[in-house]
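Trainee: In the numbering used here, the protein residues as written are 16 to 219.
Hints are computed from structural coordinates only; laboratory data are not their basis.
The structure displayed is predicted, hence computed values, not measured ones.
Where is the CB? At the ideal position from N, CA and C, for every residue including glycine.
Check before you lean on any hint, since a few could be wrong.
[As the list claims (entries may be wrong)] Only pairs whose alpha carbons sit at most 25 Å apart, straight line, appear in this in silico DSS-like list of lysine-lysine:
no. : residue 1 : residue 2
1   : 184       : 174
2   : 174       : 136
3   : 136       : 186
4   : 174       : 186
5   : 136       : 184
[What the hints assert, rightly or not] Pairwise CB distance ranges, derived in the manner of DEER restraints:
no. : residue 1 : residue 2 : range
6   : 110       : 187       : 30 to 36 Å
7   : 124       : 212       : 28 to 34 Å
8   : 116       : 192       : 22 to 28 Å
9   : 209       : 94        : 19 to 25 Å
10  : 161       : 122       : 35 to 41 Å
11  : 115       : 163       : 34 to 40 Å
12  : 115       : 215       : 38 to 44 Å
13  : 163       : 192       : 30 to 36 Å
14  : 209       : 88        : 17 to 23 Å
15  : 122       : 199       : 42 to 48 Å
16  : 147       : 206       : 36 to 42 Å
17  : 187       : 103       : 32 to 38 Å
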Amino acid sequence: MVCGHWRPRLRGETSGADASPLRRVARARGRPGPSHLSRPRRGAGYPEAAEASARWCVVTGGRGFAARHLVLMLLRSGEWRVRVADLAQVISLDRDEEQGILGAAIREGQAVYASADLRDKAQLAKAFEGAEVVFHMAAPDSSINNFHLHYSVNVEGTKNVIDACIYCKVKRLIYTSSPSVVFDGVHGIFNADESMPYPDKLGI
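Kindly generate the complete structure, drawing on both the sequences and the hints.
Mentor: Okay, structure coming up:
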């Protein structure tokens, strides 16, 4: 998801509202899968995907602000092994991460990193191989005024995520929206969910 100045994440410089994204759960079924994808060999690049006993999930935009917290929550739960997917070729941990839960999980094989561009279906298929659940958290920074970027990633990229989930037989896709759709520009958003009304500025 390559774009030079863009990273598929919620930036760290965000308001408290961004820590509580709205979520919509969708079963990745019912749409025709992409016919032109080249299915990665089982275990190619991610040998852990072949372990029948392992429950793997993927977090797209996994190095973003909100996504980092989700990754830690998943690892703390002890229920999941986590594949962190993001745009960079390799993961770079700061000192706290290296010495914390994520660093330990990577060393112990409970977490791995996958470089994936939302606009590249083959990369997504490889990243999702063997996963049971995908948390779709990736999106360009909303401060970037580039319609084509936002459309190619938020619209076309999300379609690619759905197609890759179907192709890889992912059981569940959890699609994370943005608090921007309900933020009125004045009042903060705390512990909100999908029932929160749209602001008057949208005329909905």
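Trainee: List, from low to high, the hint numbers that the structure doesn't satisfy.
Mentor: 7, 13, 16, 17
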